Amino acid sequence: MKTKQRTGARALVEALERVGADIVFGYPGGNVVDVFDELSRAPFRFVLGRHEQGCVHMADGYARASGRPAVVVVTSGPGLTNTITGLGAANMDGVPMVLVCGQVPLDQIGTDAFQEADTTGLTRAVSKHNFLVHSADEIPETVAQAFYIATHGKPGPVVIDVPRDCQQALTSAAYPERVFLRAYHPEVSATAAEVARLAKLVNGAKRPVILAGGGVIASGASEDVAAFAHKAGIPVATTLMGIGSFDETDPLALGLVGLHGEFAANAAIAEADVLVALGVRFNDRVTGRSPAKFARRAKIVHVDCDPASINKNVTVDLGITADVKELLMTVDSRIRPAAHPDWIASINARRRPRTEGLRPLHRGVIMPQTVVESVYGATDGRAIVVTDVGQHQLWAAKRFRHTCPRHFITSGGMGAMGFGIPAAIGAALAKPAAKVVAFLGDGGAQMTAEELMVASELKLPVTFIVFSNGSLGLVRQMQRHQCGGNYFATDLRSPDFVKLAAAYGVRGVRVADGAKLDAAIARAVRSKSPTLVEVVVDREAEA
Amino acid sequence: MKEEIHRLNCYVENKPGVLARIVGLISGRGYNIQTLNVGPTEDGTVSRMRIDVLGSARVVQQIILQLRNQVSVIEVTSRRL
Ligand SMILES: Cc1ncc(C[n+]2csc(CCOP(=O)(O)OP(=O)(O)O)c2C)c(N)n1
Ligand SMILES: [Mg+2]
Numbered sequence: 001m002k003t004k005q006r007t008g009a010r011a012l013v014e015a016l017e018r019v020g021a022d023i024v025f026g027y028p029g030g031n032v033v034d035v036f037d038e039l040s041r042a043p044f045r046f047v048l049g050r051h052e053q054g055c056v057h058m059a060d061g062y063a064r065a066s067g068r069p070a071v072v073v074v075t076s077g078p079g080l081t082n083t084i085t086g087l088g089a090a091n092m093d094g095v096p097m098v099l100v101c102g103q104v105p106l107d108q109i110g111t112d113a114f115q116e117a118d119t120t121g122l123t124r125a126v127s128k129h130n131f132l133v134h135s136a137d138e139i140p141e142t143v144a145q146a147f148y149i150a151t152h153g154k155p156g157p158v159v160i161d162v163p164r165d166c167q168q169a170l171t172s173a174a175y176p177e178r179v180f181l182r183a184y185h186p187e188v189s190a191t192a193a194e195v196a197r198l199a200k201l202v203n204g205a206k207r208p209v210i211l212a213g214g215g216v217i218a219s220g221a222s223e224d225v226a227a228f229a230h231k232a233g234i235p236v237a238t239t240l241m242g243i244g245s246f247d248e249t250d251p252l253a254l255g256l257v258g259l260h261g262e263f264a265a266n267a268a269i270a271e272a273d274v275l276v277a278l279g280v281r282f283n284d285r286v287t288g289r290s291p292a293k294f295a296r297r298a299k300i301v302h303v304d305c306d307p308a309s310i311n312k313n314v315t316v317d318l319g320i321t322a323d324v325k326e327l328l329m330t331v332d333s334r335i336r337p338a339a340h341p342d343w344i345a346s347i348n349a350r351r352r353p354r355t356e357g358l359r360p361l362h363r364g365v366i367m368p369q370t371v372v373e374s375v376y377g378a379t380d381g382r383a384i385v386v387t388d389v390g391q392h393q394l395w396a397a398k399r400f401r402h403t404c405p406r407h408f409i410t411s412g413g414m415g416a417m418g419f420g421i422p423a424a425i426g427a428a429l430a431k432p433a434a435k436v437v438a439f440l441g442d443g444g445a446q447m448t449a450e451e452l453m454v455a456s457e458l459k460l461p462v463t464f465i466v467f468s469n470g471s472l473g474l475v476r477q478m479q480r481h482q483c484g485g486n487y488f489a490t491d492l493r494s495p496d497f498v499k500l501a502a503a504y505g506v507r508g509v510r511v512a513d514g515a516k517l518d519a520a521i522a523r524a525v526r527s528k529s530p531t532l533v534e535v536v537v538d539r540e541a542e543a
Numbered sequence: 544m545k546e547e548i549h550r551l552n553c554y555v556e557n558k559p560g561v562l563a564r565i566v567g568l569i570s571g572r573g574y575n576i577q578t579l580n581v582g583p584t585e586d587g588t589v590s591r592m593r594i595d596v597l598g599s600a601r602v603v604q605q606i607i608l609q610l611r612n613q614v615s616v617i618e619v620t621s622r623r624l
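From first to last, the protein sequence lines are chains A and B. Just so you know, our numbering puts the end of the first sequence at 543, numbered straight through with nothing missing. Just so you know, our numbering puts the end of the second sequence at 624, numbered straight through with nothing missing.
Each pair of labels, with its calculated beta carbon distance range: (1) A:Ala433 to B:Met544: 51 to 57 Å; (2) A:Arg336 to B:Asp595: 47 to 53 Å; (3) A:Arg336 to B:Val566: 48 to 54 Å; (4) A:Lys293 to B:Gly567: 28 to 34 Å.
Since the hints were made in silico from the structure, they are not lab data. Small disclaimer: the values here were computed from a predicted structure and weren't measured. Positions of the beta carbon are idealized from the N, C-alpha and C atoms, including for glycine.
Generate the whole structure from the sequences, applying the supplied hints.
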């Protein structure tokens, strides 16, 4: 199809408009300058990160909070190589995103030209798919395909590499009416026999458990899982990525499963006779090192939209490749109401009180778990919680009672330190009416601190909470248990975070006195501008 | 589980980068390709790749599913040699 002639750069920006982009994150450079020229005239907002890794994590936070695909535009060479960690984090957790990257002109590819990098080679292992554009005519269709791939099947990041001459050349190629990809058909659905077997297993179960993962959130199936669990009387455990897919204040909620999980959740799975796993991928944090022993007494049903995830880590009795929401809607009429009172009572007997082992202070120093409780109280549990990676991440996962989807944002699969600050900014841009609280370690906060400038510039009301334990706490904890307490390279000197925040124009406060914690947090979460609270916490606390 | 040689027949988009993606998918997971044969089919937009890999039936099944997930892979069949 033909349309009015314009440059490839203009066609690219028009295509981004067509897919409904409302914010583009990015960082300019020589080989993408024509695209930026067009971005200056586009109807959507542009957010300049301070490092390309920050741009990608911001886009990631935006996509996780909103459920919409995010857009990033960066330059060739170092611009692209700086995005690799961000892409990897988005790819592991199935986050929809399209990254457009400038490239040297076609005739210079392969000549080691200035700021040339093999984009498709470098991003292959950290993206769902990638494209190298060969002419301006390909641009509209490639953008359409990229968004289709990013958002269909298991979502993920898609990279489009656009050589500079293709940005400048004229084209009259139009945006396609529909996307045609001969080889990609991610639509899946359960067979009638599979639905019948699922219903039979659930109806016959005496000790059933549901395990809900990130796929439940991606498919928008939280309400369906709740309806299913209540009707069939089944307790629900979640994976780290599944946090928020089931209301943790519900009496059927078991909380987090796995290595760092709740005792009652793990015990229930160990004893279950039927395990219904929805949108999970049974990663090693969930199953432990011997997946064969996972839920060993149970018939395992695994429902996922990705056929390759079924029987990958855990051998299952019934694997169903389907969209979780669609399947639950289909099976509903065959599920018989049940309550399993004895089973639920035996699980409840194993629950540890939430406050067990929780002291506000240890030798006068604030216990980190208390900080999470304080934020929970100050926000009525309604904050969008974003985390970095480390001990504070696990406390945020387990101590906050998460009640709804897309309100717990964490780098689960990749565990990328540096994710927290930029992802919180992206979430705040996606959800301007929400309160976003970022839980950060003193280590991770130093990896992407430069992005505080973005929060400051855009006056985003994000609360950044730094857990100052003077250490790379989670690794230090491993050294305590696995290296006989030989602490090496985990003692951490940090800048004065309050002064650092001030340098970026972010109001900061340091809290070391437990009596002042709640007031400081309450004040920070009420603020209409970004604030940073550095809390000095006990470094010996265990996550 | 017993390791055997499996022959995978893949029909893929005849585009640059596809071969690297397929080979990377297999080698990136630690499996060694024993033989690799690539050529165009009569339909010039489609290439055929014949790949022999050594692995257990389970591993090979996993590779096939991952290959089918690829945006550029049209069809994959396999047989034990
Ligand atoms: C980019 C990156 N490098 C290294 C690691 C390994 N790692 C995991 S947790 C951790 C310590 C994090 O320390 P901090 O940010 O202070 O958080 P804490 O555990 O103290 O709460 C490290 C180094 C990682 N996850 N990501
Ligand atoms: Mg720390």
